[in-house]
Amino acid sequence: MPAILQYAYMQRALLVGLLLSVIVACLGTVMVHKRLSLIGDALSHSSLAGVAIGLLGGFNPILGAMGVCIVAAFSIEAIRKKLGNHSELAVAIVMSTGIGLAGVLSGFVRSSADFNSFLFGSIVAISGFEARLVLILAVIVLVAFVILYKELFYISFDEQAASISGVPVGVVNAIFTILTAVTVSIAARTVGALIISSLLVVPVAAAMSIARSYKTTVLWAIFVSAVSTIGGLVLSFYLGLKPGGTIVLISVVFFLLFRFLGFLRGRSMSSKGV
Amino acid sequence: MTKVIEVEDVSFGYTRDMILEHVNFDVEQGDFAVVIGDNGVGKSTMVKLLLGVNRPTEGHIRICGKEVSSLRKNGIGYLPQNGGSRAASFPATCEEIVMSGLYSKIGFARFPGKSHKAKAEESLKMVGMLDRKKDLIGELSGGQQQRVMLARVLSGDPEVLILDEPTVGIDAESVDRLLHILHHLNIDKKVTILMVTHDIEKVGPYANRVLCLSEGACREEMLPQAKIVHAHAHSHPHGEATHIHCANCEHEKEHGHDSEHCAECGHCEKYKEEK
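Protein chains in written order, with the working numbering: chain A, 110 to 383; chain B, 295 to 569.
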């Protein structure tokens, strides 16, 4: 057995990392195609405010992050509808509020080490409870994604046409928003709040460089996300690197490689309008 | 004739200033109606009202006898302006795009079956894009993208087709192909069509009704060109070009010329038709 698998904490980290990488890629694909790439940033930053609330209130910071993330996600949806042509401002407004709140509240947190662990993640220090939480979340997100695949596809493609065709856009968007918020808040504990937003976007951007359909975009995004996560954990174990940052940097390498492959195939991201 | 679209005393404004005031018109089953008017007179606003995106401030809109009260409109197909350009930035195949138009047939949280796939292929075939079904829509020309978008709408078997400036941004040849397909749908499939357009010269010959929005109101214009060519087109359901010649001197009659007297020899017998 390789050395990395002889440690229970690394076994747990690999399993949790793999599960998160798959669901983050699924959610990221929808997010990118809904033109909400930066929503991950807004939610992950807002989750830090929830972490601070949890640490100050004496309850599990993940629960605090979940609560704040859900409120933030619905706020983005609500503001987006009000702003019409400037809907992208909704993300910036919520992100600014989240950062401001996290900044102020973190000043009252006694143990800065606890707070910092959510900034860059601590996947190797994950508890059994947290691992079970991720497992349950992964099952729920995957089942929802498969069942609502065509609805999410249609809404991402053309929300108005989807409504006209009878897609319950409000319900599907609400389910997607809750799943994203919960995933981001839990992922904040593992890969870190500042890194989860990258993982939501970079594997999808890489996949779009070479995929020949929406379905293969999802599959390539899952592949890039999973290989980056496992590769990042293995490299960080043997080379003594920070796992979160290593995972994101590997996914960026994939992006560059796939862009090059896409260029070789006579295709580029610009032809897709990205 | 059954009234498919009924707009009754409709007024609407985004602010206190009304864009549309007491607009009235009907579209009957089998009509190919075009809505024309200057920029900003409320043509696209009218479309949004018909689709239920916006609610009229006053008045009623009924489609197939039912009050427009929500966005859910099974039986109505909608092709927006530059629909293809929106698709261009989406990494999906033509087949995937068209499958999304089958939503009302598949249903919520259900998976498409073989019959749905066959329907998507049939729709792509109808617009002449079946051989490109596995291609990314972003790799097609503007005209081809618009045809795929039309296939998506057609896959839902709409009774009424509402199109908002579908010819904008595509080349002349693609416009002709698109109009030919719409004509075929209107004549053979009995699909009622309402099209907002600026391109009356191109679209006019295929239409039997011309509705002009102006200063917030709607009036019907009966362009001779529209009447004549459409009437002849009905006798040629496959839409072949129709040439009309004088029975006496074979002088070719101009499109839109509704006199029964030949411009060349003054002969008063009815013109004969040839394909």
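Honestly, the hints are just simulated from the structure, not real lab data. There may be inaccurate statements among the hints.
If you anchor each label on the Cβ, the simulated ranges turn out as follows [as the list claims (entries may be wrong)]:
1) A/A283 <-> B/G324: 40 to 48 angstroms
2) A/P277 <-> B/T296: 25 to 33 angstroms
3) B/E514 <-> A/G279: 54 to 62 angstroms
4) A/L165 <-> B/K360: 49 to 57 angstroms
5) B/G463 <-> A/L251: 37 to 45 angstroms
6) A/V255 <-> B/S508: 50 to 58 angstroms
7) A/L365 <-> B/G307: 50 to 58 angstroms
8) B/D470 <-> A/R374: 29 to 37 angstroms
9) B/E322 <-> A/G279: 33 to 41 angstroms
Computed far set for chain A versus chain B, every beta-carbon distance over 12 angstroms [what the hints assert, rightly or not]:
10) V131
11) H142
12) L147
13) S220
14) S221
15) L228
16) L246
17) K259
18) S265
19) A271
20) P277
21) L303
22) Y323
23) V327
Computed from a prediction, not measured in an experiment: that's the story for all the values here. Even glycine gets a Cβ: it sits at the ideal position worked out from N, Cα and C.
Status of the hints after comparison with the structure:
Distance hint check: the CB atoms of A/A283 and B/G324 are about 41 angstroms apart, consistent with the given range 40 to 48 angstroms. Against the hinted window of 25 to 33 angstroms, the Cβ-Cβ separation of A/P277 and B/T296 comes to about 30 angstroms, which satisfies the hint. B/E514 and A/G279 have their C-beta atoms about 38 angstroms apart, which leaves the hinted 54 to 62 angstroms range violated. Restraint check, A/L165 to B/K360: a C-beta distance of roughly 55 angstroms satisfies the suggested window 49 to 57 angstroms.
Checked against the hint of 37 to 45 angstroms, the C-beta distance between B/G463 and A/L251 comes to roughly 40 angstroms, which is consistent with it. Range check, A/V255 to B/S508: about 52 angstroms between beta-carbon atoms, so the 50 to 58 angstroms window is met. Take A/L365 and B/G307: their Cβ atoms lie about 52 angstroms apart, and the range 50 to 58 angstroms holds. Distance hint check for B/D470 and A/R374: the Cβ-Cβ separation is about 33 angstroms, which falls inside the suggested range of 29 to 37 angstroms.
A hinted range of 33 to 41 angstroms for the beta carbons of B/E322 and A/G279 is consistent with their spacing of about 35 angstroms. The Cβ of A/V131 sits about 19 angstroms from the closest Cβ of chain B, beyond the 12 angstroms cut-off, so the non-interface label holds. The beta carbon of A/H142 sits about 6 angstroms from the closest Cβ of chain B, which is not more than 12 angstroms, so the claim that it is off the interface is violated. Distance to chain B confirms A/L147 as a non-interface residue, since its nearest Cβ pair spans about 17 angstroms, more than 12 angstroms.
Chain B leaves A/S220 outside its interface by the beta-carbon criterion, the shortest separation being 45 angstroms against a cut-off of 12 angstroms. The claim that A/S221 lies off the interface holds: its Cβ sits roughly 43 angstroms from the closest Cβ of chain B, which is beyond the 12 angstroms cut-off. Look at A/L228: its CB is around 33 angstroms from the nearest CB on chain B, clear of 12 angstroms, so calling it non-interface holds up. The beta carbon of A/L246 sits about 20 angstroms from the closest Cβ of chain B, which is more than 12 angstroms, so the claim that it is off the interface holds.
With a least CB separation of 7 angstroms from chain B, A/K259 falls inside the 12 angstroms interface cut-off, contrary to its annotation. Not every C-beta of chain B lies more than 12 angstroms from that of A/S265, the closest at about 8 angstroms, which undercuts listing it as non-interface. Taking the minimum C-beta to C-beta distance to chain B, about 7 angstroms, the non-interface status of A/A271 is violated against the 12 angstroms cut. With a least CB separation of 7 angstroms from chain B, A/P277 falls inside the 12 angstroms interface cut-off, contrary to its annotation.
Distance check for A/L303 against chain B: the nearest CB is about 27 angstroms away, which clears 12 angstroms, and the non-interface claim stands. Once the 12 angstroms rule is applied to beta carbons, A/Y323 is inconsistent with being away from chain B; the minimum gap is 4 angstroms. In this structure A/V327 is not separated from chain B by more than 12 angstroms, as the shortest Cβ-Cβ distance comes to only about 10 angstroms.
The earlier numbered hints that this structure contradicts are 3, 11, 17, 18, 19, 20, 22, 23.
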